[in-house]
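Residue numbers (the numbering used here), protein chains in the order written: chain A, 3 to 314; chain B, 8 to 235.
Some clues are possibly wrong.
Calculated cross-link-like contacts (lysine to aspartate or glutamate; reagent style DMTMM-like; alpha-carbon spacing at most 25 Å) [stated by the list, open to error]: (1) B:176 - A:44; (2) B:53 - A:268; (3) B:131 - A:160; (4) B:131 - A:229; (5) B:131 - A:125; (6) B:176 - A:268; (7) B:64 - A:268.
If you are wondering where the hints come from, they were derived from the structure by calculation, not from laboratory data.
Here's the letter readout for the chains.
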Amino acid sequence: MSDPKPVSPWPGRWALATLLAAIPLVVLGGLVTTLRAGMAEDGWLQPEGYWLWMYPLEKRMVSLGRFVEHHHREFGSLVGLLSIATVLATLFAKAGARAFWIAFLGLVAVSGQGVVGGLRVLENNPRLAFLHGVLGQIVFGILTLVAILLSVRWRRSELPRLAAPVGMAWRAKILLGALLIQVTLGGWYRHGHGHTAIALHGFGALFVVWWGLQVARSLRKASKTFETGSAGALHLRSNALWLTGTLHLQWLLGATALYALFALSDGMSGQHISRSEIVFSTLHVTVGAMLTAVVVWTYLWTDRLDSPTQGS
Amino acid sequence: MKSPVQPLRIGILALGWTLVCLGSWLAGCSIDEALPSAWVLGPTSKERLAQGTQDPKAAEQEILRALESLFGTATAPHWPLGDSQPEGAKVLAQAAQTYREECSHCHGLEGYGNGPSSQFIQPKPWNFALGVFPRSAPDGSEPKLPALVTLLENGIASSSMPHFARLGKPVLMGVAGHVLLLLKRTQVETKLVDAYLQGGPGSLTPERVEGILETWSAGPQSLAQPGR
Chain A
3 MSDPKPVSPW PGRWALATLL AAIPLVVLGG LVTTLRAGMA EDGWLQPEGY
53 WLWMYPLEKR MVSLGRFVEH HHREFGSLVG LLSIATVLAT LFAKAGARAF
103 WIAFLGLVAV SGQGVVGGLR VLENNPRLAF LHGVLGQIVF GILTLVAILL
153 SVRWRRSELP RLAAPVGMAW RAKILLGALL IQVTLGGWYR HGHGHTAIAL
203 HGFGALFVVW WGLQVARSLR KASKTFETGS AGALHLRSNA LWLTGTLHLQ
253 WLLGATALYA LFALSDGMSG QHISRSEIVF STLHVTVGAM LTAVVVWTYL
303 WTDRLDSPTQ GS
Chain B
8 MKSPVQPLRI GILALGWTLV CLGSWLAGCS IDEALPSAWV LGPTSKERLA
58 QGTQDPKAAE QEILRALESL FGTATAPHWP LGDSQPEGAK VLAQAAQTYR
108 EECSHCHGLE GYGNGPSSQF IQPKPWNFAL GVFPRSAPDG SEPKLPALVT
158 LLENGIASSS MPHFARLGKP VLMGVAGHVL LLLKRTQVET KLVDAYLQGG
208 PGSLTPERVE GILETWSAGP QSLAQPGR
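Next comes chain B alone, as it looks inside the complex (with noise of 0.2 Å):
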């Protein structure tokens, strides 16, 4: 019995059709179409608005608003006061993607070392939260952009924080820029906690939340422009 289509040009078809596949995922065109796009609070600040608060969901809109004119969303951030230049802006959401496509399963997409894989690792990815980095400001200070490119370049032996030195320094500097932001993020998020437990739903106002930025420190801002 003769084939009634003709296997040989099936398979090229078949090999052209896995070439391509292969060529559009090689080429990233796929890459972010999944990748977790929205910022949420942390466990803590989520914790404290459900035992604090008679609607944690308002407050929870709140804050997250707030957060959102400082800090800008997940794939377009800014820093507070900061260069609002496009190509700044481009720099800094190159870095976020990164992070996102890089770091975020381990670390969780805002930094509360609480991405999906890290249930399954040990010790557990480092909580930017806390404000201190042991392996890169051993002195507790907050940590300098050099010594987080060096620990991203290097990975931290006997753990499951690998290296990254295959992304190069340029984008590496960017993604420690975005640490620096989410380290950023997360104590501003806490003070509007505070903020709104002490003021109520509607306290946030721009006045309110330009007033809790003057605690700002000036140093990290500087230090965070990636690729620069």
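Bound-form chain A, shown alone (with noise of 0.2 Å):
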């Protein structure tokens, strides 16, 4: 099972890096919509002439807005930077083509995501600013993915299969294109505004909640199957709580966030936006982009683990 070549732990820990340089962005981001934001910059990659690092502090300080978006496009920039150390590093540390590739991904997601964001503000195009939204999820559960194909538990194959599948694998890749719709259906809501949006993103959670418990249930069942204490037990556990913990918090935000918007704010019609719904929908959108790194390294062990013959 193990590899006998010495494997590098650079390419991962850059890739986690990247990862973790995302939560800001995305935290940020969802800052930026609630806000409506997107355009209190004037400019893109030179905001008023400016190289974008080089903004003054008093003009990145001049209102929330302009402050909040001025950094969503830092912290993109510092992530770019991020993405493009990742495939350096796979080269440097000779990880071969296939991890050359997984990081190659994961900056092409970033780069896209940014030209997708910086078209959204030359066009003033709201369309484009859905799309931003939603792919800001994707990208970060694509970021998942690198950082977990190339750090050096998965490279190693450190842990053991299960003797028998169990069925956690199909129930986790369900889950995930379950999530991807409501990530979908949550930026149709947060850029549309509209009633339709809200309620299928709503009845979509409930299934999401369900279906994500089931897969908790099934990773705990499993890590039963090794000994205990081991490591494939353990991280069976740790997947199990991380998911359970994050979908949980999800939709209590996700709940406190609904009621924030119609009792503390001014309804679906955004006349007012109250403190209360900056907070908790910008943390909704953050604890999602959580779970989706959460359901995205469930599929991937789960994949691993629970498929004996075919595992990655």
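Reconstruct the complex from the two isolated chains, following the hints.
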């Protein structure tokens, strides 16, 4: 099972750094949408003629909208640079063609997302804003995938596979598909403010939570097939715990954001944005990205551990 | 253990559902579901009525009724004494819809510069009620339609006012016309509040409202025929 060749940790470290840098990017992106501040800064790569990173402090601080939008763009460029570093790390560490293409996938995803965001600003196009919002969560999922596939643990295949499949893998696949639909519906609501979208998003949430808990249960069941305290058992139990935790946190935040929208803001008309809506909507978006990451993690490992003959 | 359901089939269904959602949104099926749709009085008018009347709510309703008789509603606006042809009404309604989608979250539905996003940007969105437009009419006169269209096409550099070139000139002419309608509406609102504070409840009779309209300048009315 284990790879006799030494595995460099650097590609995985850079990929993890990229993923971590994407967290504030998602937080700021969620804030931009809540505040409707996507056009708060004039220009894209050179706002008002300044190079992005050299934009004067007093101009950044002129309003909350501009502060959030500008730093969203800066974190975007940072994630882009870290993605390049990840690709370079696979080359310098001689991690192989597969690792290179995985890192390259992350770079393409981040670059594409940046271009969509830039075009959204340059063309002042709300439909591109919707696309940018939905892709944001998907790109976060891809960065998670890159970080896992480049990690030492994955590349060394450190965990043992299950003796017999217990149905984790197909359940995780369905969960991932359902979550992608949820992300699309969430983006549709956030950018279209439609009643249909929020209703579908709410019903979708019921399914995702219920199905996600089934996946978590199958993870715990599978962990019992390993020896207590073994790496395999600990991994699956930890995965189940993260999945259960983020699922519950996410529906709770969604319900709170809905309450803030209707009871403390001005409902769907968006005539008043309350502080509670700003906080809880943004947290809902952020934890949504974390849930996507956890589900990608679940999908990848269950696909490997639960498929003795076809492991990745 | 074999999967009791076929993941591939579910995946195709899920993808289809997403495409339907996406397609319906791109077709604009739900874009209007939750836009603000009712004009209210501006903050200054509300404050004056709160201080000068015993029943501010009743006063607001009376003034809003008078305004509606003159300018219609936020979804179906019209000019006082203006074109009542169905085609003209449709053009004005389309312009109002575009304004609600693109402009109202900063400038407010009534044009007071107090939309929900206005608190997060600097400089603040322009308040049409001030009656002066330093960017499109720097001499202090009322803005002209072509100047407003040019401003909408280009935006204002170094500010949060973006360009709307993607909407095209005919649509921008409509939006600019709607901005002029809002400008007039806010001015008439101030006069109606004055009249109400002088005459009290029931004073805004159709004759009185018509009298207020005598001070109307015919100029902007001829400018604001969107899409023509």
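Results for each hint:
no.	hint	result
1	B:176 - A:44	holds, 21 Å
2	B:53 - A:268	holds, 19 Å
3	B:131 - A:160	violated, 58 Å
4	B:131 - A:229	violated, 64 Å
5	B:131 - A:125	holds, 22 Å
6	B:176 - A:268	violated, 33 Å
7	B:64 - A:268	holds, 20 Å
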